[in-house]
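*Asks:* Listed here are the chains, written in short residue letters.
2 protein chains.
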Amino acid sequence: MDKVRIIEIKESIFADNDAKAAQMRERLKAEKTFLLNLMSSPGSGKTTTLIQTVERLKNDFRMGVMEADIDSDVDAAKVALTGVKTIQLHTGGMCHLDAGMTEQGLMELGTAGLDLVVLENVGNLVCPAEFDTGAVKNAMILSVPEGHDKPLKYPLIFTVCDVLIINKIDVLPYFDFDMDKVTEYAHMRNPKLKIFPISAKTGEGMDAWVDWLKGETLRWNQNA
Amino acid sequence: MDKVRIIEIKESIFADNDAKAAQMRERLKAEKTFLLNLMSSPGSGKTTTLIQTVERLKNDFRMGVMEADIDSDVDAAKVALTGVKTIQLHTGGMCHLDAGMTEQGLMELGTAGLDLVVLENVGNLVCPAEFDTGAVKNAMILSVPEGHDKPLKYPLIFTVCDVLIINKIDVLPYFDFDMDKVTEYAHMRNPKLKIFPISAKTGEGMDAWVDWLKGETLRWNQNA
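If you're matching them up, the sequences are chains C and B in order. My numbering puts the first residue of the first sequence at 164, with every later residue one more than the last. My numbering puts the first residue of the second sequence at 164, with every later residue one more than the last.
Don't take each hint at face value.
Which copy? The list can't say, so a pair holds if one copy fits it or any two copies do.
The calculated lysine to aspartate or glutamate pairs, modelled on DMTMM-like cross-linking and capped at a C-alpha distance of 20 Å, are [said to hold, decoys possible]:
#1 Lys241 / Asp341
#2 Lys355 / Glu189
#3 Lys183 / Glu367
#4 Lys241 / Asp312
#5 Lys344 / Glu194
#6 Lys377 / Asp341
#7 Lys364 / Asp312
For the record, the hints were derived by calculation from the structure and aren't laboratory data.
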């Protein structure tokens with residue numbers, strides 16, 4: 164596999180994370196770079212979804228990927244095979260990324276000339292949701308085997324996300340997962356949440372999700 | 164469903180968590196109470212596994228359950244239906260429990276006369292592993308849909324656990340999950356880790372896991 168650059172990021176020094184995040188979005192707008200923050204639980208298919216997304220968009224946009232992980236680089240090595248600029252961020256045990264940490268990553272990645280950067284956050288439904296990373300939009304993946312009750316149990320992440328991707332719909336027949344209920348619970352947390360049921364494995368539903376991301380990226384970069 | 168008591172636990176005041184945890188174990192030993200700390204990612208089937216475990220052991224032991232969650236009580240309400248003493252711990256947004264927080268829970272639950280208490284930790288593979296709760300043994304659940312690479316990506320939790328339960332083996336045919344690889348990776352982190360493949364849904368493999376827990380509980384309480 165490709166050799167991936169690994170960045171050890173330090174805990175942020177910025178007391179006011181929200182101000183830092185807002186400032187980063189201003190700069191991303193000026194640089195015409197859209198940043199997506201992708202969150203999920205471990206094992207929800209985040210990396211597979213990301214790779215399938217990159218494959219569908221890499222000819223339309225100049226893309227970059229930042230893979231955040233506690234301390235491995237297995238995901239980054241896989242993503243790098245798509246050919247897009249990929250770096251691995253190590254959080255040194257920390258379970259989230261804040262705006263300052265994300266900025267360190269963006270500086271190492273080099274956003275100049277990139278239209279779309281995806282940050283794959285640490286696999287966790289709790290901590291990452293507590294920090295604005297400075298991303299333009301937040302998306303989360305919930306996979307069918309995790310169950311439809313998750314918006315009841317992890318409210319914050321559903322509240323802060325713009326998009327809920329429901330992955331692994333190819334295994335719906337084997338699980339007691341109620342799509343109506345998850346929609347109801349998720350919209351209870353966040354009525355504006357867009358929901359895309361997909362199977363990153365079979366490709367089902369990927370077009371609608373990718374179209375949304377494409378539209379948002381174009382809109383952000385053209386309004387710059 | 165039964166009305167479950169909800170405890171809002173406060174961040175621990177103890178600087179030295181390890182010392183606090185060791186002290187708690189001493190007291191649990193004196194009280195002849197075995198405490199199991201059960202950890203996993205969200206959606207791995209922690210509550211279902213716990214309920215099936217309780218059903219198989221509640222006639223052998225006087226049991227108690229502490230359900231930790233960010234702020235819901237759906238799990239505790241389900242567990243309470245088994246008839247065992249159950250309380251809900253709210254962590255107020257925190258993604259873990261330390262020894263002091265666990266002690267608050269034990270005091271509210273009341274361990275006098277209980278042989279076996281299970282703490283269902285917050286659904287998260289990162290933060291809970293960083294804090295010794297004072298439990299006698301630590302177990303984690305990894306479910307088949309999460310993938311066999313998790314010991315590579317979340318090393319610490321595999322290192323601190325005594326037991327790895329691999330749940331949802333009934334869906335093995337529908338996922339690319341390699342039991343040999345997960346065993347190899349998990350033992351790389353922790354050669355002593357005991358591994359129990361189960362399906363909490365069908366009951367397959369539950370006996371071996373429950374026998375282990377029964378043996379450990381008896382041993383702890385008899386040596387008291």
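*Asks:* Now, for every hint given, state plainly whether the structure supports it.
*Replies:* Status of each hint after checking the structure:
{"no.": "1", "hint": "Lys241 / Asp341", "in the structure": "between (32 Å within a copy, 18 Å between copies)"}
{"no.": "2", "hint": "Lys355 / Glu189", "in the structure": "neither (23 Å within a copy, 51 Å between copies)"}
{"no.": "3", "hint": "Lys183 / Glu367", "in the structure": "neither (38 Å within a copy, 51 Å between copies)"}
{"no.": "4", "hint": "Lys241 / Asp312", "in the structure": "between (31 Å within a copy, 13 Å between copies)"}
{"no.": "5", "hint": "Lys344 / Glu194", "in the structure": "neither (40 Å within a copy, 44 Å between copies)"}
{"no.": "6", "hint": "Lys377 / Asp341", "in the structure": "neither (29 Å within a copy, 35 Å between copies)"}
{"no.": "7", "hint": "Lys364 / Asp312", "in the structure": "between (23 Å within a copy, 17 Å between copies)"}
Of the numbered hints given earlier, the model fails hints 2, 3, 5, 6; all others are met.
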